[in-house]
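Sequential numbering of the sequence shown, starting at 0, is according to numbering that gives the first Met the number 0.
Please note that the accuracy of each hint is not assured.
Stated by the list, open to error - The following label-pair restraints were derived from C-beta to C-beta distances:
#1 T23 - L99: 37 to 45 Å
#2 P195 - R126: 19 to 27 Å
#3 K136 - M157: 45 to 53 Å
#4 G26 - P195: 46 to 54 Å
#5 I42 - V192: 17 to 25 Å
Please keep in mind that the hints were generated in silico from the structure rather than gathered at the bench. Don't be surprised by glycine CBs; every beta carbon is placed ideally from N, CA and C.
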Amino acid sequence: MKGLLIGGFTTLGTGTGAMLTLQTQAGLDPLHTLISEYAFHPIGWLLPASLTLFAVGAAFIAEGLRRSGAGRGAASLVVVWGVCMLLLGLFPTDPPGFELSMSGAIHRYAGFVAFLVMPVAGLLLVRAKAHYARAMKALSGVAIAALVLVVLPYLVRMAGIPVDNADIPAGLTQRLVVLSEVGLLLLLGLHLVRLPQASGHRTPRLVTVQHAAPAAPVAAGTSRSLAA
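The task is simple: from the sequences and hints, build the whole structure.
Here it is in C-alpha cells:
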C-alpha cells in the first residue's frame, strides 16, 4: 500500500506541476481560454503529459481503494476518471472555429464523463464516513456546481439561443472543475494514508507462552539417602 500511495502522490504532484507550468507560461486568457485549447501552444505538449500523469496517479489511488476494501465503488469510478484522462490526452480538441471532428467529440464526451464521475466517487466515500469527509463533500459540491456552469452554455445553444463566448468565463469554470477534482483525488489518497493498513499498523500477534512444568517434589527419604 505504501508504494501505491507514493506512486499516486508523485504522479499527481508532477502532473499538477506540468499543468501549472503550462497555464502560467502560455500567456493565454485563463478566464475564457479552455484548458484543451492550450494544446495548440508551442509548449502544448505539457497538456497530454499532465493528463497522462493524472491517469497514472488515478490508477495508483484506485488500486489502493480496491485493496483497502473501504471504497470499491469509488475505486471503479476513479478508474473511469483515469481512462477519461488518457482519452483527453490522446484525442485533442478541435482548433477554435473548426467543425466538430471525431477526435474533438471523443475529447468532449470523455471530459464530461470525467467531470461527472469524480464528485460521485467523493460522495460515495463521504457516505461511507471516510476520513476528510467534510472536505470531500465540499469539493464534490464545487465540482458539480462548476460542471453545471460548464455544460449550461452548450444546453442554451442546443435550445437555439445565441450565446456570446466573450460573456462566459468558460475557462474559469473549467479550471474550477479540474482543481476540485484533482483535489478530491488527493483527498482519496490521504484517506488511504489514515487507514490502519496504509499507515503500517499491524495487529499484534498472539504469542503463546509455554510455562515449564513445576518440578516434582523430592521425597524426604530420597533426600536423606543422598545426603548420606
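A quick look at each hint next to the structure:
1. T23 - L99: 37 to 45 Å: Distance hint for T23, L99 is violated at roughly 30 Å.
2. P195 - R126: 19 to 27 Å: Holds, at about 21 Å.
3. K136 - M157: 45 to 53 Å: This hint is violated: roughly 31 Å between Cβ atoms.
4. G26 - P195: 46 to 54 Å: holds, 48 Å
5. I42 - V192: 17 to 25 Å: Given range 17 to 25 Å: violated, Cβ gap about 33 Å.
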